[in-house]
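Number of protein chains: 2
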Amino acid sequence: MRKDAQANREKILTTAAALFREKSVAAVSMKDIATAAGIGTGTLYRNYPNKSELCLALSMDFIQQFITDGQTYLAMATADAETQFKHVLGQYLTFRERRMQLLASIENGPTVMSTYYRSELYQQLVQLLMQVLRPVSGDLTAAELEFRADMLIAMLKSNSYAYQRQQKGLSRDQLLINITKLMLATN
Amino acid sequence: MRKDAQANREKILTTAAALFREKSVAAVSMKDIATAAGIGTGTLYRNYPNKSELCLALSMDFIQQFITDGQTYLAMATADAETQFKHVLGQYLTFRERRMQLLASIENGPTVMSTYYRSELYQQLVQLLMQVLRPVSGDLTAAELEFRADMLIAMLKSNSYAYQRQQKGLSRDQLLINITKLMLATN
DNA sequence: TTGACAAGTGGAGCACACTCCGTTTATATT
DNA sequence: AATATAAACGGAGTGTGCTCCACTTGTCAA
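Residue numbers (full-length UniProt numbering), protein chains in the order written: chain A, 1 to 187; chain B, 1 to 187.
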């Protein structure tokens with residue numbers, strides 16, 4: 001890859017991050033980003049094939065951070081299994097709430113979910129959730145456990161989460177309790 | 001409402017349904033629909049504020065049908081609770097698979113999920129799922145049961161469902177078994 | 001029947017996502 | 001340093017969702 005191309009790729013990310021901080025994600029157009037970065041829209045799209053993929057790229061670091069924190073916690077943790085589950089799930093909710101706009105853009109984008117699903121990072125996220133699910137899930141095969149992790153992620157996607165928080169009026173903690181009760185084998 | 005307006009509303013639905021049958025939902029533009037129906041785009045949008053809401057309107061009958069069938073089944077059913085749960089869930093999967101494109105358009109649309117969530121029909125769907133969940137869920141409050149129904153719906157949204165079917169290679173029946181195992185209190 | 005006017009219409013126009021392709025340029029080769 | 005060329009650029013252009021508003025028409029009171 002040419003050096004200038006590499007520089008543009010980075011410029012796009014920092015510019016987009018800055019604009020998304022000023023306005024909402026939805027209020028920033030791809031043209032805005034290209035203009036602010038001082039490049040053409042063609043260049044922008046060659047690097048990130050659509051807005052949602054750009055948001056995915058911007059989220060990568062945050063997701064990675066969440067996963068690393070979770071792994072660190074689990075390596076140190078001495079609490080019982082249910083507490084560990086709740087801790088990691090709580091962190092996940094906090095993470096999702098903080099990055100809501102980016103995540104919504106990824107989840108509602110046209111083709112992007114499959115990119116995310118196929119990414120290394122998604123697999124790591126699933127692995128992390130499997131780790132906290134295993135001790136609270138009774139006897140399950142690895143495939144069944146992975147399925148539960150997938151479903152846990154599906155339940156907490158932005159639309160569903162926003163519905164519970166806003167229309168149903170549940171707090172983050174009530175949601176945490178409800179999800180825990182649902183996922184725990186012995187209720 | 002004026003008679004001509006009423007006629008247009010119906011014309012839009014029948015025209016859209018016909019076009020969606022010919023091509024895929026994604027391949028039909030709002031302009032296509034307006035032109036085929038012999039009206040202006042303004043008229044189309046006054047009746048259905050966006051494409052997803054039009055898809056929602058087109059889905060209403062199908063959803064209603066599924067709910068009615070489910071209620072009829074439950075009124076007649078003599079099988080055990082788990083069988084009843086599986087039956088209704090299986091019907092739901094079949095329904096979703098058949099109407100995938102419309103449902104995907106609703107779920108991925110910009111503002112539409114909240115319209116759907118607030119609709120009478122969504123509430124009926126939740127009620128139906130609560131009915132089959134109650135006997136297999138141990139002791140739960142009504143609110144907890146409703147939460148589970150919401151989560152069940154969230155798990156089966158088009159993106160999540162497509163991922164399990166296509167990327168993970170699960171069959172409809174495997175999905176049914178996995179979901180059942182997840183939702184049943186005693187696994 | 002007619003006149004008034006709310007209700008409804010339709011399509012030009014806008015914004016935005018995204019593509020296409022003629023032009024420019026970084027870099028490897030000599 | 002000169003040259004060849006693949007890589008990258010950028011912005012005009014396209015299609016689509018959606019809005020706006022000047023115009024038309026069905027309805028109903030007089």
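Treat the hints with care, as some may be off.
The list treats identical chains as interchangeable, and a pair is accepted whether it falls inside one copy or across any two copies.
[As the list claims (entries may be wrong)] Derived SDA-like pairs (lysine to any residue); straight-line CA-CA distance at most 20 Å:
#1 Lys23 / Pro110
#2 Lys168 / Gln127
#3 Lys3 / Asp69
#4 Lys181 / Asp4
#5 Lys168 / Gln124
For the record, the hints were derived by calculation from the structure and aren't laboratory data.
Query raised in the report: Any hints this thing doesn't respect? Which numbers, in order?
Result: 3, 4
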